[in-house]
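**Q** Listed below are the residues making up each chain.
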Amino acid sequence: MKREEPDREEVIAARARQRAIGRELRRLYDEVVQEPVPDDFLDLLKKIDETKGKKDGTS
Amino acid sequence: MISHNFDEPSLSASGEAAAVPGRDEDFRRDLLGLIPFLRAFSRSLCGDRELADDLAQEALAKAWQSRESFRAGSNLKAWLFTILRNQFYSDRRRAWRQAPWDESAAERVPVARGEQTWAMHLSDTARALRGLPAEQREALILVGAGGFSYEDAARISNCAVGTVKSRVARARKALSAALEGTGPLSAEPRPAGGNATNEIMAQLNRLAPQGFSEAGSGPVEGKDSA
Chain H
1 MKREEPDREE
11 VIAARARQRA
21 IGRELRRLYD
31 EVVQEPVPDD
41 FLDLLKKIDE
51 TKGKKDGTS
Chain Y
1 MISHNFDEPS
11 LSASGEAAAV
21 PGRDEDFRRD
31 LLGLIPFLRA
41 FSRSLCGDRE
51 LADDLAQEAL
61 AKAWQSRESF
71 RAGSNLKAWL
81 FTILRNQFYS
91 DRRRAWRQAP
101 WDESAAERVP
111 VARGEQTWAM
121 HLSDTARALR
131 GLPAEQREAL
141 ILVGAGGFSY
151 EDAARISNCA
161 VGTVKSRVAR
171 ARKALSAALE
181 GTGPLSAEPR
191 PAGGNATNEI
201 MAQLNRLAPQ
211 GFSEAGSGPV
221 EGKDSA
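Read top to bottom, the protein sequences are chains H and Y.
Per my numbering, residue 1 is the first one in the first sequence, and the count goes up by one each step.
Per my numbering, residue 1 is the first one in the second sequence, and the count goes up by one each step.
By construction, these hints were calculated from the structure, which means they are not laboratory data.
All C-beta atoms, glycine included, are put in the ideal place defined by N, C-alpha and C.
Warning: the hint list may mix true and false statements.
Pair ranges (Cβ atoms, derived) [as the list claims (entries may be wrong)]:
(1) Y:151 / H:38: 31 to 39 Å
(2) H:46 / Y:177: 43 to 51 Å
(3) Y:74 / H:10: 18 to 26 Å
(4) H:53 / Y:182: 54 to 62 Å
No more than 30 Å apart at the CA atoms, straight line, and that leaves these computed lysine-lysine pairs for DSSO-like [said to hold, decoys possible]:
(5) H:46 / Y:173
(6) H:52 / Y:165
(7) Y:62 / H:46
(8) H:47 / Y:77
Not close to chain H: a few residues of chain Y, all C-beta gaps over 12 Å, as computed [stated by the list, open to error]:
(9) 44
(10) 69
(11) 73
Model the full assembly from the supplied sequences, consistent with the hints where possible.
**A** Written out as structure tokens, the structure reads:
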């Protein structure tokens, strides 16, 4: 039962783990990407413009 | 220390956008389309959902206000991510900087929001990811999930391409070891809401570090309580 060189099975297992990690990373990320965007994000630019507009109007 | 590889905008021009209505509308549309990705990247940096959204909104606002400094034709997503990242790191006093992926932060996350927070519905990978140094996690997310090239990730993270490569490699190695059950990250006790056995084991370990760390096949609570 010597284990001197990294045996083939280990290499295959390591690759499988890396693939699993890759899938899981994308899943975590995509899970957030898929979330509906909260309204305050969508309103944000409008609000900025309105604030700016008011400032410009009064000055 | 912070140099602006992506022409990170400054607001010194008092936000006077170039008045090109058509271009502004295109820009607005593009920007809004990138919000989901901006939120995802932010979440991966902050961990916590609310803090991440606060940060993402600040970045979005800044991007919009400084739209004239974006070079048309360059990578808007990378530019936007750069703004977010710089904001994340620039002010250390801000709440999102103080919400690292550690136990105490996890405990402060209201349980009701748990299902939306990476730190709480922990797959093994998510848990191990949480234990990585921020810069490794960032590099891994950008390249491994965000679809950025090493070159763009390097610009976003303001470092050399080789640095990104090595961060990604180290992150992958650490995650792999964690999933295999051999790395230090795998030894992390679950945060609040985790299972009771781990809590008990953690307590036992604190009481009798020697006895437990040598028993069994691996470090149950690898970082012995010293």
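**Q** State for each hint whether it applies.
**A** Structure-based check of each hint:
Hint check: residue 151 of chain Y to residue 38 of chain H, Cβ distance near 32 Å, so the stated range 31 to 39 Å holds. Distance hint for residue 46 of chain H and residue 177 of chain Y: a CB-CB separation of about 48 Å, consistent with the stated range 43 to 51 Å. Distance hint check: the CB atoms of residue 74 of chain Y and residue 10 of chain H are about 43 Å apart, inconsistent with the given range 18 to 26 Å. Separated by about 59 Å at the C-beta atoms, residue 53 of chain H and residue 182 of chain Y satisfy the suggested range of 54 to 62 Å.
The hinted pair formed by residue 46 of chain H and residue 173 of chain Y fails the criterion: a straight-line CA distance of about 45 Å is larger than 30 Å. The straight-line distance between the Cα atoms of residue 52 of chain H and residue 165 of chain Y is roughly 42 Å, outside the 30 Å bound, and the hint therefore fails. For the suggested pair residue 62 of chain Y and residue 46 of chain H, the alpha carbons sit about 13 Å apart, so the restraint of at most 30 Å is met. At roughly 22 Å between alpha-carbon atoms, residue 47 of chain H and residue 77 of chain Y fall within 30 Å of each other, so this suggested pair holds.
With a cut of 12 Å on Cβ distances, residue 44 of chain Y falls inside the contact zone with chain H, its closest approach being about 7 Å. With a cut of 12 Å on Cβ distances, residue 69 of chain Y stays outside the contact zone with chain H, its closest approach being about 16 Å. At roughly 22 Å from the closest C-beta of chain H, the C-beta of residue 73 of chain Y stays outside 12 Å, upholding its exclusion from the interface.
Going through the hint list in order, the structure does not satisfy hints 3, 5, 6 and 9.
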